[in-house]
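Chains as they are written, first to last, in our numbering: chain B, 1 to 397; chain R, 1 to 178.
Read the hints as simulated data drawn from the structure, not as lab findings.
Be careful, since some hints might not be right.
Restraint ranges, calculated between C-beta atoms of paired labels, are given here [said to hold, decoys possible]:
| id | chain 1 | residue 1 | chain 2 | residue 2 | range |
| --- | --- | --- | --- | --- | --- |
| 1 | B | Gly188 | R | Ala106 | 34 to 44 Å |
| 2 | R | Ile152 | B | Ala347 | 54 to 64 Å |
| 3 | B | Trp294 | R | Thr148 | 30 to 40 Å |
| 4 | R | Val146 | B | Arg202 | 41 to 51 Å |
| 5 | R | Leu17 | B | Leu104 | 17 to 27 Å |
All C-beta atoms in this analysis are idealised placements derived from N, C-alpha and C, irrespective of residue type, glycine included.
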Amino acid sequence: MAANVDQIFVHLMQMMVDRVPDAVAPWVRAAVGVGAVLGLFGLLFGLTTVCERKGIARMQNRLGPNRVGPFGFLQFAADGIKSLTKEDVVPRSADRVVHYLAPLALLTPVVLTFLVLPFGRNMVLMHVDTGLLFFFAAGASTELAVFMAGWSSRNKYSLLGAMRAIAQMISYELPFILSTVGVVMIAGTLSTVGIVESQAARPGEWLARWNLFTPWGLAAFLLFLIAAFAEANRSPFDLPEGESEIVAGYFIEYSGFKFALFFMAEYLGMFASSGMAVTLFLGGWTAPVAALDWIPSWLWFFGKLLALIALFIWVRGTTPRLRMDQLMDFAWKFMLPLALLILPVVAVWHYLGGGWRGWLFCTPVLAAAYVLLGRALVGRRRIQRRVYRYAGEGVAS
Amino acid sequence: MTPWFLLFGGLVVVGALGAMALRNPVHCGLSLVVTFVGLAGTYLDLGADFLGLAQILVYVGAVAILLVFVMLLTRTGRGESPEVRPGGWWWGGLVAALVAVGLVGALASVSGWKPRSEPMTFPTVRDLGVALMTDFVLPLQLVGVVLTAAMIGAAILALPERRGGRVGRTPKGEEPEQ
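Build the full structure now, drawing on both the sequences and the hints.
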């Protein structure tokens, strides 16, 4: 019974493929799979925007959207219809062809990254040996689309926004990719399915072998997550969009549904990064303890995914925006050295065979590097509570 | 001639033609990206997964960005760039012809213009990694040293110059001119 529920989508797909002639079966399989993923994540995108607006509204002591549908949860449908019916304005001096192609060039690679995410046991659209590389290759091509959007608008704000975005994305791509190399070293494969399977509990073990449960895995997970925030251009790294300085960054000159496409690409990119974080560090569709294996694998994956998305929203509601130089310093002087340090630490962990000896060596090395690097970068500056001249003066708060 | 080969080969040719013929240098750069993507697709079609994906990661993700940014930062004025001076074009044509002859000759000497009878087997990522870490470890390390030197050089170029009134530094107490 549990196995049937676990494989219900695989069986459904098989039933559908069995009903068509063999010649078109691969096409049907691909079309149904892609359609399901697009529909599911499209809906998730809509619901996430509503939940994010409501969640942040709670943090800021507001109500948030509460008019359309029950508790305002149909707000995304209203927004979608609105953006479809709006006029599509293209600036007169804009480069029309590039301006038109930019949102498509941004959304296409983002959607492609979902091909290699394993959503559950036997549930991956494209099972290839180089899945992780595919993910990063598709992710890297979004930078060019950002440039296309910023440049073709012929607007100084959008060009500035594009330059910020590209500088940020290239800088954070290094820790983004390097933090995953440790996982590849331990799993011995670039295939996303293989990486998930390497984290499952072996027969007789009660605890799964998630990479998160190791000192280097925890460090790499945090680095990966921070870099994912930056890659998705989300707060606290949302300078490319900085409303107060450059109004909306690289997509300022887009309106109507093209604007919605940029928005959608940003959220889908966030989902893809979260899904990859789940796959690499949180054991993908495996249960944390062997006793919970009876819960369907796809529920585990989407549960972890939703938890990470909630974390993204929480961070957006509670952190202030960085300054451009702080952003660059953080990527190059702090995250990159730590990501590089993780590689030898993983190698030592592998040769010590994990266990208590691995913990005894890896934890102090990583902790010492974190503390020393942080101290060295802060330097002689004293960090203390900022005193505001008007707001806090003389008031016991 | 599979349909995929026709598609990706067409992308390569169209992109390369565009990179030559378009007037706006940024358009030329973007057109070159189409060529990169076509090449990557050809590699994937041939079964060389790693090469194709690395092509996208490096060329579309990094080299193309570098290309368009250099063009953007070195442009002299608005609009289209000045006409390329004719007169030196036959040098370029000569070099291109020599490269083409060399490539075709190398290909002909390897394959002899005959389709392979036995099916090709392609190395997996694991095979590539093992080969890099055993047989080709010295070239790999040398490339690493060269890249490290280049990176240190770039960092030194970007360092702010301290004291001593070097080039590009205004004397103390004066506001730098805007």
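How the hints compare with the structure:
1. B/Gly188 <-> R/Ala106: 34 to 44 Å: With Cβ atoms ~36 Å apart, the hint holds.
2. R/Ile152 <-> B/Ala347: 54 to 64 Å: violated (24 Å)
3. B/Trp294 <-> R/Thr148: 30 to 40 Å: violated (52 Å)
4. R/Val146 <-> B/Arg202: 41 to 51 Å: holds (43 Å)
5. R/Leu17 <-> B/Leu104: 17 to 27 Å: Given about 22 Å between the Cβ atoms, the range holds.
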